[in-house]
Amino acid sequence: MDIRFPKSLLIIALSLVAIGVLALALSGVFTSFSRWIVSPLTSVQTWVSQQYQGVENFVSASQDIREIRQQNTELEAENARMQAQIVELQQQLVEFEILSALLEFARANPEHQYIGASVIGRDPSPFLNYIIINRGSDDGLRRGMPVVTQNGLAGRVVQVTATGARVSLITDPITRINVRVEPSRSAAVLTGSITGDITLEQIPQDDEINPGNLILTSGLGGNYPANIIVGQITSVRSRENALFQSASVQPVTDFSDLSIVLVITNFEPVDFSPLVPESGTP
Amino acid sequence: MSTILSIPTLGLIAIMQSAVVSRLPLNRGIADLMLVVLIAIALQKTVTTSWQWSIVGGLFMDFLSGLPFGIFTISYLLATGLALIIRERIWRFSFLMQLLVVFFGTMVSQLLSFLVLFLQGSDISLGTVLQVVTLPSIMLNFMISLPIFILTQDVLEQVTPQE
Chain U
1 MDIRFPKSLL IIALSLVAIG VLALALSGVF TSFSRWIVSP LTSVQTWVSQ
51 QYQGVENFVS ASQDIREIRQ QNTELEAENA RMQAQIVELQ QQLVEFEILS
101 ALLEFARANP EHQYIGASVI GRDPSPFLNY IIINRGSDDG LRRGMPVVTQ
151 NGLAGRVVQV TATGARVSLI TDPITRINVR VEPSRSAAVL TGSITGDITL
201 EQIPQDDEIN PGNLILTSGL GGNYPANIIV GQITSVRSRE NALFQSASVQ
251 PVTDFSDLSI VLVITNFEPV DFSPLVPESG TP
Chain S
283 MSTILSIPTL GLIAIMQSAV VSRLPLNRGI ADLMLVVLIA IALQKTVTTS
333 WQWSIVGGLF MDFLSGLPFG IFTISYLLAT GLALIIRERI WRFSFLMQLL
383 VVFFGTMVSQ LLSFLVLFLQ GSDISLGTVL QVVTLPSIML NFMISLPIFI
433 LTQDVLEQVT PQE
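Protein sequence lines correspond, in order, to chains U and S.
To convert, note that position 210 of the first sequence is 210 in the working numbering; the numbers rise steadily by one, no gaps.
To convert, note that position 105 of the second sequence is 387 in the working numbering; the numbers rise steadily by one, no gaps.
This is chain U alone, in the form it adopts within the complex (with noise of 0.2 Å):
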């Protein structure tokens, strides 16, 4: 037997069960029974979702890896670039300070024309206390010329090519300046020695002098100008029975690390060879 609704009559029941579902969903009824259908289904979906993501972020990752790789190659060669400026920059300024300071002696010293040079190297033999200045004869440079620091003395030309002299420092074993002591003003004479010390010897016993009194050029002898600066007194020695008291000497230079000198290109040595009476003449 077939039984047949009428259509009509088919909407209104099947509209009936649905709003008696939704009345039943909204009151609450099927909650524990759509947590035991949904819960699965959210933990699958988290573990696709996590899954996709991880692929995602493999595929995006080694484009920023790229990009981030990039990035680090051209701030490592910046930094490199601004490294090597603040090395240049730091040697700029060390020489600018010597200039300042070297320009701050020629003023104070105006009585001297002077020529700047750069010290490109020592000499190689232990036994000289030389450095090689890259100005020569070309430059004005003659042989005898006085050569000081922004300190004070440093030594003098002894050797002229055209492009370049070869300037033997006070601390040389064969110096020998005549200084005096101030404030005492004692005559003496300075020398230097094998292992970079100078000492001042030939001050008569009864001078006065003490530590910290100060060495400058006395003139005399015509191989340097009188009062440059050359060092101060560390200690004095003297023995009751020398005829003469002996000092040891700091020198105002620092001779370990010249890099600059000013040349004294307006002073003339003194020759006496001419006037020494030579051997056998009476």
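Don't take each hint at face value.
[As the list claims (entries may be wrong)] Some chain S residues flagged as far from chain U (calculated, every beta-carbon gap over 10 Å):
hint, residue
1, T328
2, T330
3, L349
4, L378
5, M379
6, S419
[Said to hold, decoys possible] Now the stretches of chain U that chain S is said to cover, found in silico as 3 or more residues with beta-carbon under 8 Å:
hint, region
7, 110-124
8, 145-157
[As the list claims (entries may be wrong)] Some chain U residues judged to face chain S by a derived CB distance under 7 Å, without partners named:
hint, residue
9, F127
10, L128
11, Y130
12, P173
13, I174
14, I194
15, T195
What the hints contain is simulated information worked out from the structure, not anything from laboratory work.
Source: prediction; values computed, not measured.
C-beta: ideal position from N, C-alpha, C; glycine also.
Following the hints, complete the assembly by docking chain S onto the known chain U.
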């Protein structure tokens, strides 16, 4: 090894000695880069121009130094002679031989310089020279001997045709 090659090579070493090595003292002693290089070259069995190299190196150093002309050339020739004697007498050469020649070469070079300066009237004593100049110089020469010995061997292997 060509003598012509010695001019640029030893010229560069002389400049390095004056501009760099001489500014790195130990007490008052400084390393003698030229001496160590010439000894390392002279001790190589394949080199036949050691004397020429010593003369060129000595002349460069004599031009650069304020010491009486010829001191460096004579010192280097003596050191080369010693190196060649050892090279001929000892069948199997080792790095210790290099140190031995460097020791005697430095001693000869410095004592010759001392003698000449002493005769010229410099107020220097042998005891002080040995203490503050010679022994530190020997130490420094020993320190640079190994790298220079290895470098010289490698360079000579490259430039000298093998049998």
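Each hint tested on the structure:
1. T328: Answer for S/T328: holds, closest chain U Cβ roughly 28 Å.
2. T330: Consistent with the label, S/T330 stays out of reach of chain U, its closest Cβ about 27 Å off (over 10 Å).
3. L349: 5 Å, violated
4. L378: 25 Å, holds
5. M379: 25 Å, holds
6. S419: Violated: least Cβ distance 6 Å, not greater than 10 Å.
7. 110-124: The restraint on the region 110-124 of chain U holds, since 5 of its residues have a Cβ under 8 Å from chain S and three suffice.
8. 145-157: With 0 residues in contact (Cβ-Cβ under 8 Å with chain S), the coverage given for the region 145-157 of chain U is violated.
9. F127: With a closest approach of 5 Å, the U/F127 hint holds.
10. L128: 5 Å, holds
11. Y130: 5 Å, holds
12. P173: 5 Å, holds
13. I174: 6 Å, holds
14. I194: At about 5 Å, which falls below the 7 Å cut-off, the nearest Cβ of chain S leaves the hint on U/I194 intact, so it holds.
15. T195: 5 Å, holds
In summary, the numbered hints that this structure violates are 3, 6, 8.
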